[in-house]
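Q: The numbers in the sequence shown follow full-length UniProt numbering, run straight up by one, and end at 177.
Check before you lean on any hint, since a few could be wrong.
Said to hold, decoys possible - As a list, the in silico DSS-like pairs of lysine-lysine whose alpha-carbon atoms are at most 27 Å apart:
no., residue 1, residue 2
1, Lys88, Lys124
2, Lys60, Lys88
3, Lys88, Lys63
Claimed, not checked - Per label pair, the in silico range of CB-to-CB distance:
no., residue 1, residue 2, range
4, Val73, Thr46, 32 to 40 Å
5, Gly38, Glu12, 39 to 47 Å
6, Glu175, Asn86, 37 to 45 Å
7, Ser16, Ser68, 15 to 23 Å
8, Asp91, Lys55, 30 to 38 Å
9, Asp71, Val9, 31 to 39 Å
10, Pro107, Glu175, 17 to 25 Å
11, Val13, Leu90, 38 to 46 Å
12, Cys104, Asp14, 16 to 24 Å
13, Gly85, Ser123, 25 to 33 Å
No lab work stands behind these hints: they were computed from the structure. Backbone N, C-alpha and C define an ideal beta-carbon position, used for all residues, glycine too.
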Amino acid sequence: MDQSSSPVVILEVDESNMGFAIWIGPFEAESLALAVSGESFQRPLTYDLFIESIKSLGGKFEKAVIHSVRDNVYYASLYVTDSTGNTKSLDARPSDCLVLAAKCGFPVFVEESVFTESAIDLSKLQGAYESGEDEKTDKDEDQEFKEFVKRFDIEDLREYFERRQQENDEDEDAEDK
């Protein structure tokens, strides 16, 4: 949750310190939290119905791709293979893709242009790790993450994205002249 109590997901790129933030709705945040924890709701949620519908029709989720960002809104495509082996691309919200990926285990990719525009160095947010540190236990990592969340200032991140958007808008205005 950011300082205004809006849910935010910090996505980290594998094997790097780079990532970016996506603000999501409260329903998606709750569904994502359940999916990540491996818990399920007592009755099927919309995501569960969608997953079961695709499976019952012989389909399979392949991947999601976050392909663009406009005015700090991210856009994605969800790729589903049907029973005949044809892959279809569906327009989707990244938050929905993240929930489905957490539930089904398919990969989520980010177009390089989106990553380049939106990426931040997460190590600057988390603080530098001490050199020579032994392997951490899960409990140590949990505590470290809790400390990171306490120190994390979402307003700094939001201002960063707003500055980037303003710079992009200025660059586009300059190109139009």
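Q: Run every hint past the structure and note whether it holds.
A: Verification of the hints:
1. Lys88 <-> Lys124: 39 Å, violated
2. Lys60 <-> Lys88: Judged against 27 Å, a Cα distance of about 10 Å means the pair holds.
3. Lys88 <-> Lys63: 11 Å, holds
4. Val73 <-> Thr46: 32 to 40 Å: Between Val73 and Thr46, where Cβ atoms are some 21 Å apart, the hint is violated.
5. Gly38 <-> Glu12: 39 to 47 Å: 20 Å, violated
6. Glu175 <-> Asn86: 37 to 45 Å: 39 Å, holds
7. Ser16 <-> Ser68: 15 to 23 Å: 21 Å, holds
8. Asp91 <-> Lys55: 30 to 38 Å: Given a distance of about 21 Å, which is not inside 30 to 38 Å, the answer is violated.
9. Asp71 <-> Val9: 31 to 39 Å: 18 Å, violated
10. Pro107 <-> Glu175: 17 to 25 Å: Once the Cβ atoms are compared, 34 Å apart, the range 17 to 25 Å for Glu175 and Pro107 is violated.
11. Val13 <-> Leu90: 38 to 46 Å: 24 Å, violated
12. Cys104 <-> Asp14: 16 to 24 Å: Holds, at about 18 Å.
13. Gly85 <-> Ser123: 25 to 33 Å: With a Cβ separation near 42 Å, Gly85 and Ser123 fall outside 25 to 33 Å, so the hint is violated.
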